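Colleague: In numbering that gives the first Met the number 0, the protein residues as written are 0 to 315.
Keep in mind that the hints are not guaranteed to be accurate.
[Said to hold, decoys possible] Now the in silico label distances, taken between C-beta atoms and shown as ranges:
{"id": "1", "residue 1": "D246", "residue 2": "T146", "range": "55 to 61 Å"}
{"id": "2", "residue 1": "L90", "residue 2": "E221", "range": "33 to 39 Å"}
{"id": "3", "residue 1": "D71", "residue 2": "D149", "range": "16 to 22 Å"}
{"id": "4", "residue 1": "T175", "residue 2": "S92", "range": "51 to 57 Å"}
{"id": "5", "residue 1": "T146", "residue 2": "S92", "range": "18 to 24 Å"}
{"id": "6", "residue 1": "D88", "residue 2": "D202", "range": "30 to 36 Å"}
{"id": "7", "residue 1": "T131", "residue 2": "S271", "range": "40 to 46 Å"}
{"id": "8", "residue 1": "V242", "residue 2": "T146", "range": "52 to 58 Å"}
{"id": "9", "residue 1": "S217", "residue 2": "Y309", "range": "52 to 58 Å"}
{"id": "10", "residue 1": "E145", "residue 2": "V242", "range": "56 to 62 Å"}
[Stated by the list, open to error] Calculated cross-link-like contacts (lysine-lysine; reagent style DSBU-like; alpha-carbon spacing at most 35 Å):
{"id": "11", "residue 1": "K85", "residue 2": "K278"}
{"id": "12", "residue 1": "K225", "residue 2": "K278"}
{"id": "13", "residue 1": "K155", "residue 2": "K199"}
{"id": "14", "residue 1": "K155", "residue 2": "K176"}
{"id": "15", "residue 1": "K155", "residue 2": "K225"}
These aren't lab readings, by the way, just hints derived from the structure by calculation.
Bear in mind the structure is a predicted one, so any value in this text is a computation, not a measurement.
All C-beta atoms, glycine included, are put in the ideal place defined by N, C-alpha and C.
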Amino acid sequence: MSIEQEIARRKARRRKGRIAAVSVVVAASLIIVSVGVWAWHCQVTEQQGYESELMDALRLVSEADENILQIDAIVDDPFATESEGKRQDVLSSVEQTKQLLVDADGSARNVSEKLSDPSVREVANQTVISITARQGMITQGMQLVETSEDAEEAAKECDAAWQLVLDADAQVREATKLAGRNEVDASKECTLEAKETFSKSLDQLRALQADYPTADVSPLIEYVEKRIEAMDLAVQSDEALTVKNKDEAIARNDAYNAAEEEAATMAAALPSDPKQLVKDAYFATWAEVIRNYAGQRAAAGTSDAVIRDYLGAQGK
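Please put together the full structure from these sequences, using the hints given.
Modeller: Below is the structure:
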């Protein structure tokens, strides 16, 4: 073999060696790139899983809100006609609502530590804050739900007692008409019926005062007592007329008129709706709890606004 041939052969061997070396480097690069793409894919998939878990937590909060909104309605107006039915619904489902929030809280706290996107992580943090506020709403709200039931019952009792007063008033007006027609016996009978009706009202008001002492219904009691006093004087006047004792009849009638005037003055100082005394007592007694509830509701609302803004921006 000539020298030229040997040199050519060796050059060819060197080119093959370089090509092989380049091939090894390229292969290694492809492996590194593939691993990097796979790691990125895993990270994206993992983050999507965390976001999905966060969305699940928000759905649990939304489900819990069905019951929380009923609590909210009762707190806002415990004496509304529909509050009684809502109260029973709340009492029967409150434990389930609490568990929904516990589950949502666990998920939100879990992902809040793992989410890489700061905006999504902030939503998770706000979800935790919102859940905590809702749990506070339930704690404060259930106290108000339970105590408002007694207050509502007391208000109904007060309303019933006052209706008797109105019924007695109608009987008094009828007795006055009969007296004007000189139907003394009929007037006396009607007055006695009015006194009996006033007495029933008085018994109910005294029972109410004993059962619900936080409400001071003494002005109502004193008013009805004054009306009963007036009825006694009216009966005495009628009885005096029956035995032809004109002077006694006039004196007793004057005393009756004076008692009725006193009662009218007392009535003017009463609320237009007497059961307002019960309502005012309830709101005064539970004012601090109501304020605390409102604070928790405001905190939940602030966090909810952040969450809504994010979801709106994402179109979720």
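Colleague: All hints, please: hold or fail.
Modeller: Quick rundown of the hints versus the structure:
At about 57 Å, the CB distance of D246 to T146 agrees with the hint of 55 to 61 Å. A beta carbon spacing of about 37 Å between L90 and E221 agrees with the range 33 to 39 Å that was offered as a hint. Checked against the hint of 16 to 22 Å, the pair D71 and D149 passes, with Cβ atoms roughly 20 Å apart. At about 55 Å, the beta-carbon gap between T175 and S92 stays in the expected band of 51 to 57 Å.
Between T146 and S92 the CB atoms are about 19 Å apart, so this pair conforms to the stated range of 18 to 24 Å. Distance hint check for D88 and D202: the Cβ-Cβ separation is about 35 Å, which falls inside the suggested range of 30 to 36 Å. T131 and S271 have their C-beta atoms about 43 Å apart, which keeps the hinted 40 to 46 Å range intact. V242 and T146 have their C-beta atoms about 56 Å apart, which keeps the hinted 52 to 58 Å range intact.
Taken as a hint, the range 52 to 58 Å holds for the pair S217 and Y309, whose Cβ atoms sit roughly 56 Å apart. Taken as a hint, the range 56 to 62 Å holds for the pair E145 and V242, whose Cβ atoms sit roughly 59 Å apart. For the proposed pair K85 and K278, the alpha carbon gap of about 19 Å is at most 35 Å, so the pair holds. Between K225 and K278 the CA atoms are separated by roughly 25 Å; this keeps the pair inside 35 Å, and the hint holds.
Only pairs whose Cα atoms come within 35 Å are accepted, and K155 paired with K199 is accepted, the gap being roughly 15 Å. Under the criterion of a C-alpha separation no larger than 35 Å, the hint pairing K155 with K176 is consistent with the structure, at around 32 Å. Taken as a hint, the K155 and K225 pair is honoured in the structure, with Cα atoms around 23 Å apart against an allowance of 35 Å.
Figure legend: structure checked against the earlier numbered hints; every hint is met.
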